[in-house]
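Visitor: The listed protein sequences correspond, in order, to chains A and B.
Using this note's numbering, read the first sequence as starting at 158 and increasing by one per residue.
Using this note's numbering, read the second sequence as starting at 11 and increasing by one per residue.
Keep in mind that the hints were calculated from the coordinates and are not lab data.
Glycine included, C-beta positions come from ideal geometry on N, C-alpha and C.
Among the hints, erroneous ones may be present.
Stated by the list, open to error - Under 8 angstroms between C-beta atoms, here's a sample of chain A residues computed to sit facing chain B:
1) Tyr224
2) Ile236
3) Thr237
4) Ile239
5) Thr240
6) Asp277
7) Phe278
8) Leu388
9) Asp389
10) Ile392
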Amino acid sequence: MITAGIDAGSRAIKIVLYAMERNAVLDSACGDQGIDQQQRTGAMFDRLLEKNKLKRQDLAVTVATGYGRHLLDFCDSTITEITCHAAGVRRHLPDAMTIIDIGGQDSKLIRLGSDGKVRDFAMNDRCAAGTGRFLEVVSERLEVPLEQLGAFAQQSEHPAQISSICVVFAETEIVGLLASGQSPENIVAGVQTSIARRLLAMAGREVESPVVFTGGVAMIPGMKEAIEKMLDKPIATCPQPQLTGALGAAILAAEKKKKQESK
Amino acid sequence: MDCSGKSAGLSRFDRMLENCCQYAVQARQEGKPIVGILCEYTPRELIMAAGAVPVCLCGGSHAMALEGEQDLPVGLCPLIKSTYGYCRAKKNPLLEMADLVVAETTCDGKKKMYELMARRKAMYVLELPQKPDDADAQTHWLRELRKFKEFLESRYTESITDDALRKAIATMNRERGLRRQLAEMMKQPCPPWTGRQLLNYKSIISGIESDLVAYERLTAKARPRAELKDRPRILLTGVPTVHGAEKVVDILENAGGLVVCMENCTGIKPIMEDVDAGAANPLEAIAKKYFYLPCSVMTANRKRIENLRRLTVDYAADCIVDMVWQGCLTYDVESWFVKELADELKLPYLKIVTDYGPSDAERIALRVEALLETAAKTR
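Construct the entire structure; sequences and hints are all you get.
Guide: This is how it looks when you write it as structure tokens:
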């Protein structure tokens, strides 16, 4: 039997098809998010199913997660991205005790119990300063492609101090730094440090190892190093970090199906 | 605030504001002054014994918080801004009817707001000491209440007798007892109400006889509701959710949770203890009961943590939600200790910092859903 996990994120849609009996990912897809979420996600879902010679009714259970989860009426149930990320990460790295998830508009720190389940979590409130959106703003403003930000930051000798806790205000701050002659390299390194610092402030107490980094921002070079430096401990990047939420949703869908069958 | 009587036909507490307005109008016709109060530290008994009617005037309206921002900083707590906003816009009929507003030095935001309010309204401010473990603090508080008693005597009546105080104590103890009984019904595995319903079962004017009868009737008519049995049970703590500012309670229960206990000033915090009715000196007994209210303005506020520890057991809580109004520094900092307790008790914990506006409701709902998923697994 096949289950599906759909992560309707703020910036991207991620879908995972999961073969229950083999406990393995059958296929996956990623695409940009838009205003017409339901239609866009549905079309992407159908393309992925067609590629695998499947139809919606062939699926045992479909679980939606991500901030658009309640908008997808073709899914059987919804689970928050917090629980889904935990399930997805656990699949890749069963020993993980802490998950750092930075997505398009959210950053989260999830603590796991020794059973691998969510024990506790913290996430950003209203502002996107500690999230992927911040990096996008910097990338646009400095005309450096997102994927080159890491290499760029490595050339920095003195990361700039970015104090801002607000993305909009930070942009103003960057303009000011450029005007004062700061190099773009130092500014990028400063922004990455600022995101890591915000995360650490959110983490509060002890961050227990092993720490796993996931979410779309984990694919941006340099972020892992910036967080490691701030935490003063090594962190592991989750394989295919952008898909962790969708994978978790598909795994939890499979668990749900098994539970239904055993009743 | 709407006192027009438009919602006639609903149950007594759905018409709470109208009832209170009618009661206040009638009281004034009978020559009883209306006295506004802004915090649970103010002893209602003293005001009642002076022949006046105490009315809680804490603002719960987002629109009035925005009104308050015309004179107050945007980053201030919405409860303070809203209370002041009502005063500024003259939109709270009960405040307009009030002859006097009594307040006390609790948090810095309130304290300074009162100075602005004093430009528009007669104010009396009690100085609240903030070290509950210090014997001198209690003595100081008693002195403050004596001065307040003299003030009320000079303003309203020749003398506030011990008998009048005892009568007021009896009424307030009866009200606290009845409300406590309602709150304690939520200890049952199948409670008779949602937390949101229970939150409505109170009045901003104390000691109205028909309210007390309504509390008795609610208790007598309470029946277990089976559909509430399997919901994750939430202990809500932190700032008060005054009338109109119930958004977090709504989010918690719309997401499938059940708020079984509200350890805050609109919940059980002020009704957990009574005034000693048999005490030789009633004013001393009143001072004692009111001073030991475990608000975060106290240092150290160990009693709140001790109460929470007991309440999680008594109400079989599955998780703790700690609510802080934006700009409320004392509750914001004190969360550290609540979180520490939650960790020790191995209960899922969520802190929500918000204001009266609706814009962050979706973001809060996500965190609440995740909390309930975690709490459901822990059960």
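Visitor: Does the structure break any of the earlier hints, and which numbers would those be?
Guide: 8, 9, 10
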